[in-house]
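Novice: Using my numbering, you'd call the opening residue of the sequence shown number 664 and step up by one each time.
Rather than coming from a laboratory, the hints here were simulated on the basis of the structure.
As the structure is a computational prediction, the values presented were derived from the model and not from experiment.
Note that the Cβ used here is the ideal one computed from N, Cα and C, for glycine as well.
Take the hints with a grain of salt, since some may be wrong.
Claimed, not checked - Restraint-style ranges between C-beta atoms, simulated for each label pair:
#1 Leu-752 <-> Ser-1036: 33 to 43 Å
#2 Lys-688 <-> Asp-713: 29 to 39 Å
#3 Asp-968 <-> Glu-821: 31 to 41 Å
#4 Ala-920 <-> Gly-696: 52 to 62 Å
#5 His-969 <-> Ser-848: 18 to 28 Å
#6 Glu-1012 <-> Leu-721: 40 to 50 Å
#7 Gly-696 <-> Pro-737: 45 to 55 Å
#8 Phe-727 <-> Lys-861: 41 to 51 Å
#9 Ser-687 <-> Asp-1041: 18 to 28 Å
To be verified - With a cut-off of at most 25 Å between alpha-carbon atoms, the simulated DSS-like pairs for lysine-lysine come out as follows:
#10 Lys-863 <-> Lys-817
#11 Lys-957 <-> Lys-749
#12 Lys-997 <-> Lys-1053
#13 Lys-724 <-> Lys-749
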Amino acid sequence: MRINTRLAERLKKINPSSTLALTSKAKRLKSEGKDIISLAAGEPDFDTPDFIKDAGILAIKSGFTKYTPTTGTPDLKRVISEKFKKDNLLEYRPEQIVVSCGAKHSIFNALMVLLDRGDEVLIPNPYWVSYPEMVNLCEATPCFIKTQKINNFKLTAEDIETYSGRKTKLLILNSPANPTGSVYSQDELKAIAQICAKKKIFVLSDEIYEKIIYDNLRHVSIGSLGSDIYDLTITVNGVSKSYSMTGWRIGYLGAPADISESISKLQDHSTSCPSSISQKAALAALSSPGEVTKQMCLEFQARRDHIMARLSRMPALSFIVPQGAFYIFCDITKTKLDSATFANRLLEETGVVVIPGGAFGRDDYVRMSFATSIDQIDKSIDKLEAWLKKI
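Take the sequences, apply the hints, and build the full model.
Specialist: Structure below.
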């Protein structure tokens, strides 16, 4: 006889978030009066631009506060379709687009409609913390591919050839990447596209950091590299990072029609539509010339260069140059500490918060965010430098 349990079996595979545990600890220490400086932020520190906030306020005042179509308002989907064509060379008709409650929601929706129990998903390591957990929730199997520092932690076509098998259903690709800041070139993506098309492996392309890219590099969407890979690609994006709209919770995806239709059915019976007010704000953001985003990117690049200059003087740490996003992934091997011990001791002894690399699959690294002011960066790096000399 089967014994009933209180919770679903699938939840046994889900790991608690070590990042949330550490940030909760930091909040507790701050409430106790300790001076806490965070290099943990996964969001821009800039306020949402006024013209976007004004669009949200106008939506409220004009009564645009009811349900919208499940997959988003026609106006917003039209603008997203135009954005895909202009910025990404991707032809997604409005009916191929689904607007959701953040890019994370878009990713989860795509995985839910594509994956069955027993399917395998290729995930380059290091990875964003939620990728494997979402795959586990879908009762599929994460298959990690350990990438190399010498290659800027980027996956290669040869890696896919080596690690894929008959059960491989999908590859998760993130460029610019969290936590490493790596950006894939067009040639690298072409090679990956060719092998995925040959093996009929779907690609979930997470492009949420697309507009935060440095050194005159160009973002390339893998789905734009030919009809074969286009038919296998789900392109995910959103307004959270590019327009400093994390709390507005608007993400979106473009996909082949059969996949977007299935995602629409799923969203019909899960969340229904995203916030009507936030959709109006996103419409204003995506209809703008993008100058705000360009200015944010320039400021992030200045901060990146500053924190790299400071960290490069510390013999105990090393890193690759982040080409995008707003994180720097630091090798802590020389400290002989694992990432959780490093992060917890740094917090307790100095009040500086960094994220353990173990959460991203690399226990010999920690992630630092430069989505904060140069003054705060300097204060935290001063404390880090002094602490490293002591240990």
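Novice: All hints, please: hold or fail.
Specialist: Comparing the hints with the structure gives:
Our hint of 33 to 43 Å for Leu-752 and Ser-1036 holds, since their Cβ atoms are close to 36 Å apart. Checked against the given bound of 29 to 39 Å, the beta carbons of Lys-688 and Asp-713, roughly 35 Å apart, stay inside it. The hinted window of 31 to 41 Å between Asp-968 and Glu-821 holds, with their beta carbons roughly 33 Å apart. A C-beta distance of roughly 57 Å is found between Ala-920 and Gly-696, which places it inside the suggested range of 52 to 62 Å.
His-969 and Ser-848 have their C-beta atoms about 26 Å apart, which keeps the hinted 18 to 28 Å range intact. One distance hint, 40 to 50 Å for the beta-carbon pair Glu-1012 and Leu-721, holds here, with the actual separation near 49 Å. The hinted range of 45 to 55 Å is satisfied by Gly-696 and Pro-737, whose Cβ atoms lie roughly 52 Å apart. Look at Phe-727 against Lys-861: about 47 Å separates their beta carbons, and that is inside 41 to 51 Å.
Checked against the hint of 18 to 28 Å, the pair Ser-687 and Asp-1041 passes, with Cβ atoms roughly 26 Å apart. For the given pair, Lys-863 sits about 21 Å from Lys-817 by alpha-carbon distance, which is consistent with the 25 Å threshold. Note on Lys-957 and Lys-749: the hinted pairing holds, with a Cα-Cα distance of about 16 Å set against a maximum of 25 Å. Using a Cα cut-off of 25 Å, the hinted pair Lys-997 and Lys-1053 holds, with the two alpha carbons roughly 14 Å apart.
Taken as a hint, the Lys-724 and Lys-749 pair is broken in the structure, with Cα atoms around 32 Å apart against an allowance of 25 Å.
Violation of the numbered hints given earlier is confined to hint 13; every other hint is satisfied by the structure.
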